[in-house]
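Visitor: The chain contents come next:
Protein chains: 2
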Amino acid sequence: MRNRQIILKAYPVGMPKASDFELVERDVPKPGPGQVLVRTIYMSLDPYMRGRMNNNRRSYAEPIKLGEVCQGGTVGQVVASNDPDFKEGDFVADFGGWQEYSISAKGFLRKLDPDLAPISTAQGVLGMPGHTAYAGVIGLSKLKAGETLFVSAASGAVGGVVGQIARIKGARAVGVAGTDEKCAFVRKELRFDACFNHKGDLAAGFKEHCPKGVDVNFENVGGEVFWNAFSRMNLHGRIIICGFISAYNDTDLPPGPDRSGMILGGALVNRLTIHGLLVSDWMHLWADFQRDVSGWIRSGELRYREDIVKGLENAVPAFQGLLQGKNFGKLLVQLSDDPTR
Amino acid sequence: MRNRQIILKAYPVGMPKASDFELVERDVPKPGPGQVLVRTIYMSLDPYMRGRMNNNRRSYAEPIKLGEVCQGGTVGQVVASNDPDFKEGDFVADFGGWQEYSISAKGFLRKLDPDLAPISTAQGVLGMPGHTAYAGVIGLSKLKAGETLFVSAASGAVGGVVGQIARIKGARAVGVAGTDEKCAFVRKELRFDACFNHKGDLAAGFKEHCPKGVDVNFENVGGEVFWNAFSRMNLHGRIIICGFISAYNDTDLPPGPDRSGMILGGALVNRLTIHGLLVSDWMHLWADFQRDVSGWIRSGELRYREDIVKGLENAVPAFQGLLQGKNFGKLLVQLSDDPTR
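Line order of the protein sequences matches chains A and B. Going by our numbering, 212 is the number at position 169 of the first sequence; the sequence numbering is gapless. Going by our numbering, 146 is the number at position 103 of the second sequence; the sequence numbering is gapless.
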């Protein structure tokens with residue numbers, strides 16, 4: 044039996060190119076003592092992965108080594124098991140990477156109950172992106188009813204959950220997205236109070252939709268959206284720094300003027316708190332997150348959308364599209380049949 | 044009886060010039076019903092005052108109007124009183140401004156007991172600067188024993204108290220100051236664990252004196268000292284933004300590259316928390332601050348130094364010197380005899 048994999052061939056400079064990756068075929072490995080072999084059904088594509096493809100910057104995780112399989116969360120089914128806790132046919136969430144089969148060491152695997160929620164959600168609304176949103180809003184932001192929360196990439200895997208939790212908690216949820224269709228989805232399906240197109244007039248959008256300023260900015264994108272939100276931060280506002288998709292492919296610092304003093308000066312004048320958010324710091328909220336978000340999904344209060352691309356050979360173009368905001372909802376690549384659908 | 048005052052004649056561009064101010068002489072006013080007339084003994088000069096001399100930027104306080112007396116904290120003695128809570132001869136802390144006599148509305152006045160502490164300390168270690176230090180370290184920083192706190196302007200009115208509280212709390216206190224004499228004072232008198240000259244090799248200084256990185260950076264100055272501290276911040280470090288003396292006279296944003304993304308990216312990678320600090324948010328800690336700091340002064344655990352300039356006509360040069368780091372300790376201008384010394 045053969046295992047197709049995508050390996051990192053070169054560290055990308057700027058936007059990743061097809062030639063930075065290689066699709067290779069190897070034998071499916073056999074699980075050793077205590078190990079489990081998993082057939083990947085869905086692999087998750089997330090913006091943070093771009094950071095692991097740099098070997099020249101400090102980040103929160105080690106870079107992928109050249110020649111190694113690209114890393115990422117997966118959902119799959121156990122094919123063979125030498126671990127008494129998992130049996131053939133079990134559905135699992137895993138960190139299997141960009142390949143059709145993977146061996147997983149115990150401790151990384153998590154069994155899924157397909158009757159509780161679609162298994163694909165284990166890498167989306169009920170997985171790392173949903174947990175990130177929950178940790179940021181519930182754990183860090185101190186958001187209060189009546190306040191205004193602004194989130195960029197509002198139709199994305201994290202942003203969509205962020206705004207819905209804000210709305211559930213009684214706050215005003217305002218987002219931006221990159222197409223009018225995404226904005227309509229965020230307003231109508233996700234029921235944000237407002238969502239406007241960030242390719243339009245940003246200042247006018249903020250003025251209209253955040254008439255009382257911004258109390259919490261959940262930052263996913265950076266760039267001019269950030270600066271517009273920053274200029275409208277209220278006294279004692281909080282900024283949650285989750286990511287900067289707009290800068291992930293930058294190779295150099297942008298040209299001047301140097302606006303770093305505007306951030307520090309603004310933080311002083313308005314007594315802001317700026318927090319960096321990484322979900323792995325918030326595992327103590329995992330059980331609360333699972334309980335609350337799965338409950339909100341069952342009650343219809345919280346909704347999600349998946350953007351599923353088929354076939355490992357389409358993973359790299361999908362990943363390039365993700366970094367350009369071309370996906371619409373949580374981006375997954377389906378590598379084999381999902382028997383639960 | 045005549046009252047000499049310094050009024051703001053022009054909003055300074057860059058470093059304040061002598062011609063931006065004017066020394067005028069007017070009649071001493073008479074206190075109205077419920078009012079108190081105070082003879083100023085000491086007036087406080089503090090870096091924040093520069094921000095009140097701009098009318099083209101957003102700050103946390105309204106700018107001084109042209110033709111008005113420059114604002115600031117004072118210590119004085121009651122000359123005449125129509126307020127039953129204050130009598131002639133009482134020593135008071137006040138917000139009287141740059142003048143020899145002032146009328147104070149009730150609510151701004153605070154009676155001082157010269158037997159408890161020298162009255163001058165009411166605008167220094169036991170006043171706004173000390174309270175700022177206390178609020179930042181005790182209220183905001185979550186500093187733990189064994190951690191490293193770094194503070195700029197370590198011999199100044201705020202920085203000196205910051206590092207001493209850190210040391211009292213069992214943390215490693217490291218500072219920078221602008222002369223070797225100030226550094227020696229910070230090490231020997233204030234008993235910081237280390238203090239080095241920020242005009243020397245900053246990277247080497249940080250490497251030697253913060254061998255385990257920086258957990259809390261209490262920022263008073265900005266500029267390259269900030270960037271060096273920032274590059275050594277530990278995981279989950281905290282940055283307290285108290286001030287940016289180095290930028291108070293800037294007229295434009297500095298040239299590029301734009302380093303704002305370094306702050307936000309660094310906050311994400313190291314999950315930093317950046318807080319803006321303004322002491323007026325922390326009045327609920329006033330009683331704790333007075334009890335703790337006066338106790339530490341009495342026990343000898345906390346020391347302070349005052350830099351007293353005599354005569355209202357020397358206030359402007361002293362203020363210019365403050366913005367250039369020429370003072371050595373808490374800067375006060377003495378306008379009349381202190382009967383308690």
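In short, the hints are calculated from the structure, not lab data. The reader is advised that the hints may include incorrect statements.
No copy labels: a pair is met if it fits in one copy or bridges any two.
[Stated by the list, open to error] In silico lysine to any residue, SDA-like type, Cα no more than 20 Å apart, as pairs:
no., residue 1, residue 2
1, 250, 223
2, 130, 292
3, 185, 93
4, 212, 122
5, 187, 324
6, 250, 123
7, 212, 297
8, 369, 188
9, 185, 318
10, 73, 107
11, 130, 105
12, 369, 93
13, 73, 383
14, 231, 344
15, 187, 318
16, 353, 252
17, 108, 120
Visitor: For each hint, tell me whether it holds in the structure or not.
Guide: Hint check results:
1. 250 - 223: within (18 Å within a copy, 51 Å between copies)
2. 130 - 292: neither (41 Å within a copy, 69 Å between copies)
3. 185 - 93: neither (30 Å within a copy, 33 Å between copies)
4. 212 - 122: neither (42 Å within a copy, 56 Å between copies)
5. 187 - 324: between (22 Å within a copy, 19 Å between copies)
6. 250 - 123: neither (57 Å within a copy, 52 Å between copies)
7. 212 - 297: neither (38 Å within a copy, 41 Å between copies)
8. 369 - 188: Answer is neither; intra-copy 33 Å and inter-copy 48 Å both fail.
9. 185 - 318: The answer is both: 12 Å in one copy and 14 Å across copies each meet 20 Å.
10. 73 - 107: The answer is neither: 23 Å in one copy and 77 Å across copies each exceed 20 Å.
11. 130 - 105: neither (32 Å within a copy, 69 Å between copies)
12. 369 - 93: Within one copy only: 16 Å inside, 48 Å across.
13. 73 - 383: neither (25 Å within a copy, 87 Å between copies)
14. 231 - 344: within (13 Å within a copy, 62 Å between copies)
15. 187 - 318: Classified as both: same-chain Cα gap 17 Å, cross-chain 19 Å, threshold 20 Å.
16. 353 - 252: For residue 353 and residue 252, the Cα distance exceeds 20 Å both inside one copy (37 Å) and across copies (55 Å).
17. 108 - 120: Neither: 27 Å inside a chain and 72 Å across chains, both beyond 20 Å.
In summary, the structure is inconsistent with hints 2, 3, 4, 6, 7, 8, 10, 11, 13, 16, 17 from the numbered list given earlier, while agreeing with the others.
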